[in-house]
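Engineer: Read top to bottom, the protein sequences are chains D and R.
Residues in the first sequence are numbered consecutively from 1, following UniProt numbering.
Residues in the second sequence are numbered consecutively from 1, following UniProt numbering.
Simulated from the structure, these hints should not be mistaken for laboratory data.
Just so you know, these numbers come straight off a predicted model, no measurement behind them.
Cβ atoms here follow ideal geometry from the backbone N, Cα and C, with glycine treated the same way.
Treat the hints with caution; some may be incorrect.
[What the hints assert, rightly or not] In silico lysine-lysine, BS3-like type, Cα no more than 25 Å apart, as pairs:
hint, chain 1, residue 1, chain 2, residue 2
1, R, Lys-11, D, Lys-12
2, R, Lys-14, D, Lys-12
3, R, Lys-103, D, Lys-332
4, D, Lys-334, R, Lys-103
[What the hints assert, rightly or not] Far from chain R, some chain D residues (derived; all Cβ distances over 10 Å):
hint, residue
5, Gln-16
6, Thr-30
7, Gly-36
8, Trp-61
9, Asp-77
10, Asn-119
11, His-227
12, Ile-244
13, Arg-263
14, Glu-266
15, Ser-279
16, Thr-281
17, Met-298
[What the hints assert, rightly or not] A partial selection of chain D residues facing chain R, derived with a Cβ cut-off under 7 Å:
hint, residue
18, Lys-12
19, Gly-25
20, Tyr-163
21, Tyr-172
22, Tyr-186
23, Arg-328
Listed below are the residues making up each chain.
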Amino acid sequence: MATVSSSSLLNKAVRQQYMNLPQGGKCQVTYIWVDGTGEGLRNKTRTLDSEPTSIDEIPEWNFDGSSTYQSEGSNSDMYLIPVRMFRDPFTLDPNKLVLCEVLKYNRLPAETNYRHSCNRVMQQVKEHYLWFGMEQEYTLLGTDGHPFSWPSNGFPAPQGPYYCSVGANHAYGRDVVECHYKACLYAGVQICGTNAEVMPSQWEFQVGPCEGIEMGDHLWVARFLLHRVCEDFGIIATLDPKPITGNWNGAGCHTNVSTQQMREEEGLQYIEKAISKLSKTHKQHIAVYDPHGGKDNMRRLTGLHETSSINDFSAGVANRGASIRIPRQVGKDKRGYFEDRRPAANCDPYAVTMAIAQTCFLDPTEEESKKEESA
Amino acid sequence: MATSASASLSKTIKQQYMELPQGDKVQAMYIWVDGTGEGLRCKTRTLDFEPKSIEDLPEWNFDGSSTYQAEGSNSDMYLIPAAMFRDPFRKDPNKLILCEVQKYNLLKITCTKLIFLYLEDPTLKTNLRITCNKVMEMVRDQHPWFGMEQEYTILGTDGHPFGWPSNGFPGPQGPYYCGVGADKAYGRDIVEAHYRACLYAGVNICGTNAEVMPAQWEFQVGPCEGIDMGDHLWVARFILHRVCEDFGVVASFDPKPIPGNWNGAGCHTNFSTKEMREDGGLKAIEESIEKLGKRHEYHIRAYDPKGGLDNARRLTGRHETSNIHEFSAGVANRGASIRIPRSVGQEKRGYFEDRRPSANCDPYGVTEALIRTCLLSEEGEEPTDY
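Generate coordinates for the entire structure from the input sequences, incorporating the hints supplied.
Structural biologist: What follows is the structure, given as structure tokens:
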């Protein structure tokens, strides 16, 4: 098949023979990090003499940042600091996947290490028990860059029959979705659902509910698993927010938010307060809702295809054309959560969740004085 | 190649992932009928426990503006679990959940919303299960049983029947019905896989056979009592689409996929009550047929999703169909609207077969119409509002 990679055509039965070999007491640990683009994921593996039982047992490591757009060649060593451990669904128990933060040579956070400041903010708002759920949309492409299973020199029939669909003429690439779901469950990633999306070859999975910093951790690892599963099948997952121009949906990362107060009786008032604060910081949020300061989202947030316009802030019950949607059930129950529909599919979840936490739950004057203190 | 790109992805790789243990998590796939009244949709959620009965399953919601069921400005719709089955694709402990769709949740309204309710009906044109269930409850003690014979055609992704020459036709009909051999039976793998998947899932599949047109097949679901008929048939259809998706081909329920001297596809519906199944039951069968004879247009409207337009292409009076404009009944007569099987005619009890429903009918709509006319003795063009 022209649009799958050569690697995927290698004999998997041969591979399985090797993967079945016992490994004594040794443990393979794969370190994962975000590179200098803020979107790309990198990984390398080392052997440990025994299975680590917690993140504290996993040593710091380092890598060549000049090969990942993260440093100059003359001073290229960067640090990998393990922050969260998962089971490895590719090489299986006892092996691990370890998500890492990246520090520069001087032990300060690397430019695309948004986790560091996100974590600080999440610590400050701990008492709110801030929960998130993020809906990751993505598109499957062949190795030729064209959406997977689309006619090679054209387009499928217009959108309408594909959302949540079944059937070979509607659902393209379900194997990837099924395998990714199982891989996440095995690894311990908090995946809570999947569905086919409006554009053919486009899918969505949801991760959550996660409290605080966990949201970013689980979503980044879920993305790593997605890319790795696609690699095995020989096709590509893209998080580009508008992969095909014209009358085709874009890809977002709708972010659902709640605090303990919002989840309790009469919580709707706290939801409305939070939305009110968000309405005043629209531009600042748009700037961090994709890795290019809003430029990626400009291609996606047009006001059509179930998006809000990038220039205006709006909110509404059950309204998928608004920036913020309050689910109908929440409007009825007068408690629950709200959905920020603005983040792009390729957003950094640490940057998104941090912005929401800051705007809604941190007093700006407090923030200013904290910044002055640390300066 | 007439199969999809997805079907060419490595199934060895897929197998490795699908064998991964999932701890105590359970995947529940919610299934519903979309705004076309024919299309099926699905999405999955993770549960922390294995549901033992339908009551264990939470309600859910979805974006109706993407399924021809709502506008974007007011698009949340509810999924109400109605019937649960084992998942033959992801296997135990995972589940398939057939759902009803509602525009908003009836159970959670407050007093101030009652006025709004009178103005807007929360049921949808394509959620026929609600009224079917109501009507089935009314005749519970008569134990109505159904068996539906679902015909379908396998197509390649190019829309041409699977196995047919790419720019032409196979030899004329004759050798294909219940045939065996690569020159007679096209796509048996799908039939075999579907049968096994239905048995695993708990769907009441009772048989299969190759049909008169090559690449056309039939499976039968039943006997099912009351609302179960619609539930089991919709899930059997979902499983068929899903199996075909895995093989990279398409199942079509179009009632006349190829015009000309090729059979159409129906969903013959067999029906009986306790009285009909007992000694002397033939009398009750004949009474029902007489009532059906007086209400032909109402049934034709209920027997396909386009009020009879789809069946107009199929019910021509030829190819073992009755003519759409006329009602007829007869023992062992496949050209009649209603056929009484010869054995029933001899034993003077049993069931009868309504041959009018099209392959893409809504089984809730069909079974409801039969109950209304035969057991509730309704007359006239419109169903009674109880």
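Engineer: Take the hints in turn and mark each one as holding or not.
Structural biologist: Consistency of the hints with the structure:
For the proposed pair R:Lys-11 and D:Lys-12, the alpha carbon gap of about 10 Å is at most 25 Å, so the pair holds. As the CA atoms of R:Lys-14 and D:Lys-12 are separated by approximately 11 Å, the hinted pair is consistent with the 25 Å bound. For the hint linking R:Lys-103 to D:Lys-332, the alpha-carbon distance of about 13 Å falls within 25 Å, and the restraint holds. With a C-alpha separation of about 19 Å, the suggested pair D:Lys-334 and R:Lys-103 falls inside the 25 Å cut-off, and the hint holds.
Annotated as non-interface, D:Gln-16 brings its C-beta within 10 Å of a C-beta of chain R; the closest such distance is 7 Å. For D:Thr-30, the shortest C-beta to C-beta distance to chain R comes to about 17 Å, beyond the 10 Å cut-off, and the non-interface label holds. The beta carbon of D:Gly-36 is kept farther than 10 Å from every beta carbon of chain R, the shortest such distance being approximately 31 Å. At the 10 Å boundary, the C-beta of D:Trp-61 stays outside the reach of chain R, the nearest C-beta of that chain being 27 Å off.
Residue placement check: D:Asp-77 keeps its beta carbon more than 10 Å from all beta carbons of chain R (closest about 36 Å). No beta-carbon of chain R comes within 10 Å of the beta-carbon of D:Asn-119; the shortest separation is about 26 Å. Under the 10 Å C-beta cut-off, the non-interface status given to D:His-227 relative to chain R holds; the minimum distance is some 14 Å. For D:Ile-244, the condition that its CB be more than 10 Å from all CB atoms of chain R holds, with the nearest at approximately 17 Å.
Non-interface status of D:Arg-263 relative to chain R is upheld: no Cβ of that chain comes within 10 Å, the nearest being about 16 Å off. Non-interface status of D:Glu-266 relative to chain R is upheld: no Cβ of that chain comes within 10 Å, the nearest being about 14 Å off. Its beta-carbon lying about 19 Å from the closest one in chain R, D:Ser-279 satisfies the requirement of being farther than 10 Å from that chain. No Cβ of chain R comes within 10 Å of the Cβ of D:Thr-281; the nearest lies about 25 Å off, and the non-interface call holds.
Remark: the non-interface label on D:Met-298 is consistent with the geometry, its nearest Cβ contact in chain R lying 21 Å away (cut-off 10 Å). Below 7 Å, beta-carbon pairs count as interface contacts, and D:Lys-12 has one with chain R at about 4 Å; its hint therefore holds. Checking D:Gly-25 against chain R by beta carbon gives a least distance of about 22 Å; that is not within 7 Å, so the hint is violated. Taking 7 Å as the C-beta cut-off, the interface hint given for D:Tyr-163 holds, the closest approach to chain R being about 4 Å.
Restraint check, D:Tyr-172 versus chain R: the minimum CB separation of about 6 Å is within 7 Å; hint holds. Residue-level restraint check for D:Tyr-186 holds (minimum Cβ-Cβ distance to chain R is 4 Å; threshold 7 Å). A hinted interface residue such as D:Arg-328 counts as satisfied when its beta carbon comes closer than 7 Å to some beta carbon of chain R; here the least separation is about 4 Å, so the hint holds.
Against the hints set out earlier in the document, violations occur for numbers 5 and 19.
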